[in-house]
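S.K.: Once you have looked at the hints, place chain B on chain A.
Keeping their order, the protein sequence lines are chains A and B.
So for the first sequence, my numbering puts the first residue at 325; every next one is plus one.
So for the second sequence, my numbering puts the first residue at 325; every next one is plus one.
One or more of the hints may lead you astray.
Repeated chains share a single entry, so a pair holds when one copy, or any two copies, can fit it.
As the list claims (entries may be wrong) - BS3-like mimics (lysine-lysine), calculated; alpha carbons at most 27 Å apart, straight line:
1. Lys-656 to Lys-698
2. Lys-329 to Lys-382
3. Lys-445 to Lys-748
4. Lys-748 to Lys-329
5. Lys-630 to Lys-645
6. Lys-656 to Lys-390
No lab work stands behind these hints: they were computed from the structure.
Number of protein chains: 2
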Amino acid sequence: MDTIKISSFELYDAVSCGDEEELNDLTSNRVFLQGWVRTNRNNGQIGFIELNDGTYFKNVQLVYNKDNPNYEVASALRNGCAVEVIGSLKLTPENKQPFEIEVVEISVAGECDEDYPLQKKRHSFEFLREIAHIRPRANTFQAVFRVRSVLSFAIHQFFQERGFLYVHTPEITTNDGEGAGNVFDVTTHDTKDPFEFYGRKVNLTVTGQLHVEPFALAFRDVYTFGPVFRAEHSNTVRHASEFWMVEPEMAFCDLNDNMRVIEDCIKYCISYVMEACPEEMKFFNTMIDNTLLERLNHVVNSEFQKMTYTEGIKILENAVKSGVIFENNDIKWGMDLQSEHERYLTEKIVKGPLFLIDYPEEIKAFYMKLNPDKKTVAACDLLVPAVGELVGGSQREENYELLKAKMDKLGLTEGLEWYLDTRKYGGCVHSGFGIGFDRLLMYVTGMQNIRDVQPYPRTSNSIKY
Amino acid sequence: MDTIKISSFELYDAVSCGDEEELNDLTSNRVFLQGWVRTNRNNGQIGFIELNDGTYFKNVQLVYNKDNPNYEVASALRNGCAVEVIGSLKLTPENKQPFEIEVVEISVAGECDEDYPLQKKRHSFEFLREIAHIRPRANTFQAVFRVRSVLSFAIHQFFQERGFLYVHTPEITTNDGEGAGNVFDVTTHDTKDPFEFYGRKVNLTVTGQLHVEPFALAFRDVYTFGPVFRAEHSNTVRHASEFWMVEPEMAFCDLNDNMRVIEDCIKYCISYVMEACPEEMKFFNTMIDNTLLERLNHVVNSEFQKMTYTEGIKILENAVKSGVIFENNDIKWGMDLQSEHERYLTEKIVKGPLFLIDYPEEIKAFYMKLNPDKKTVAACDLLVPAVGELVGGSQREENYELLKAKMDKLGLTEGLEWYLDTRKYGGCVHSGFGIGFDRLLMYVTGMQNIRDVQPYPRTSNSIKY
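Excised from the complex, chain A in its bound form (with noise of 0.2 Å):
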């Protein structure tokens, strides 16, 4: 008789998949595992351990009786715990787990003391948050940080399929954004001048746009996935001071194109992880949001809508005058919209993903293409239900003229030489957009702040780890 090593990823793969061979293979000789302990409770005659050993979101049951010479070891247990177990495999068809493990033998491959943080309990999602060390092994955050893995790769598969190029923009920056201040420095311990190590100021990225753009001038397709900072005291649940960013930039490419490739995007990721993740997806819609299923599918069914500013402005004016009451009642052409202004265009209007395009130039970003109406710019907001904005586009300004003008009135344009030049050599039209990753990944697990998606939350006043 062999003994097999094998994962609880595996396993259930083998009886569900239900290869013949390979089960008889299994069940006729012995297996292998390694994980840690759940939980375990025996009624002095018979014992049940839920192991699992983090390659697999369901629990494998293992079974041990008084007769066995390791009952005393294996009932000694405690939650926590990290177990090497030998055993046979019992396929159990007729019961709500397909199958159960014997165990033979059973030993410790590493303690757990008593004060283990991580009881049966239920434990609410702030308690888990001050031991961010431990809460991976919580249910909720095996599945959301197993989510989080399978939708980076997503991204990844998803653009590298279409011949994007990678591009690692930089974490230190000199361009501190659009100059708002909300920033963090990068320093050194020189007391005297704490910046001398670049020999200027220089700061953490607000976003890596500018510095792909070049990029995407010379590969056409290209794409930055990675993390961005805001010095910004905003204490809510969608705010964080680091996380992650997917920036892809596209030549010869315009507002409609951009479109495109963002809805494929957005569609492809909830597509790949409901595949990829069945069982989190199912664990999120019963304990998170029961709606969370059948709001995805919606999306990836949906054809996204598109609609002007200036369109939305109308109607949401029409739905003051008819009643509608917001929090914000203050409709006028040039405001920026809140998200619940957004949200009922998304959930009340088009009752879908929405694009809202052609912004006032006033409220959007320097490097956005002025209109030919010359009061809106060629930017495009996607809005989804139950969140409001999920990515931010827009076709940039190539005209060198105008946008240098623009960064002049704004001050932008000292250390920002390089950027102009782009729009001097061979500076096509050419657009992108951004996605925060953390709130996509909210959007996809339906988990309510942010705090819970990221593995040691950033938020203001708040560092441990």
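M.R.: Structure of chain B alone, referenced to chain A:
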């Protein structure tokens, strides 16, 4: 007659794969290409444009004749400008290039000023570093950044295929590595308390390892892949202050298992790049280092050897006795090996990749597992010919008492209580390693300066973008 929009990658693919029907389709219709003029020459009768659209390493040759109504437009096109062209595909199997495009219509999609810095002559890497926003259009950097993207994806693919979970470890952290002072502080503009944002002193991370270990103890196999930072004034061709690290971590994994994964990973990544980027790799072998492909093939086909540090020291001692001269000739047990020593062992002794294992405790990091001899730790550095160290790994100290005693001695415990915790709660045998991604890229491309493999290099006293 139709006009078929196509990229140069698709064109080369169609011509070289030779699907009859597709080729017929392309030659009997017209093709539409968008890209940038690399060179443009004509003799008054006939002109040739080398067009590159960023999707493929090789250019597409456009041919235009005097009798073409667009002759004036075509002949005036300057290097660097963006164009759109409609033309006829002509197969030229007898020529060096397997096809050319006879121009029917051509138009400017983005002008290029006369002072375009990339002219036909060969530019030095030093010069190109000064125009980091333009150099992606130069051959060498087309190749470097394509391989950078492909190599990044190869790493994700390798780990995802094996079920590893991708973890985004934080960039901003309270952990300052080993307190060596070579970290960048992260501050805000508040001059009274620049650290007020988080309420305590924070810095940029030097490694994701400590943060990823707790995830290995929940998910078994995990990896982090992101930027890390070192505020070291090491002005060498191999040091940058910002670079990307790959850091896998595996539970139930000892030093030998760890080395197996390292070997598989390195071989996988090299093979992947050689297969996905044949033109780029040919270019590097011709223009940068003509031993490159031979060296990489050798690594892929080698079985990596193992040698203890103690054996290595003996061999180096004997080498010195027999007349070998190192810059540091004072070989003794306990010393930190220099690149020259590592290269001697890998190049002269084993003539291939070599894991040097079981280093003296004093010269390795605090978290490495103490061996039974109480003098060495279960570390493994992978040394390769022409470079020296490529990967560093170790089994981690899972014994709480030993680890705590060591951290106490080094004054590292405060602030890292959470890290110690992992040894109290099911902390089993586990191991991991780190690959400096930029150095791996240098190794795979033969590029000699880290400034020439980073999109916007970040080195001491130099920052422009």
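S.K.: Please sort Lys-630 with Lys-645 into within, between, both or neither, judging by C-alpha distance up to 27 Å.
M.R.: Intra 23 Å, inter 79 Å, cutoff 27 Å: intra-copy only.
S.K.: Indicate which option fits the pair Lys-329, Lys-382 if close means a Cα-Cα distance not exceeding 27 Å: within, between, both or neither.
M.R.: The answer is within: 18 Å in one copy meets 27 Å, while 48 Å across copies does not.
S.K.: At most 27 Å between CA atoms: does that hold for Lys-445 and Lys-748 within a copy, between copies, both, or neither?
M.R.: between (63 Å within a copy, 20 Å between copies)
S.K.: State whether the alpha carbon distance between Lys-656 and Lys-698 is at most 27 Å within one copy, between copies, both, or neither.
M.R.: within (18 Å within a copy, 74 Å between copies)
S.K.: Please work out whether the CA atoms of Lys-748 and Lys-329 approach to 27 Å or closer within one copy, between two copies, in both situations, or in neither?
M.R.: Between copies only: 26 Å across chains, 61 Å inside a chain, cut-off 27 Å.
S.K.: 27 Å Cα cut-off: does Lys-656 pair with Lys-390 within a copy, between copies, both or neither?
M.R.: neither (76 Å within a copy, 58 Å between copies)
Hint 6 from the list above is the single one not met by this structure.
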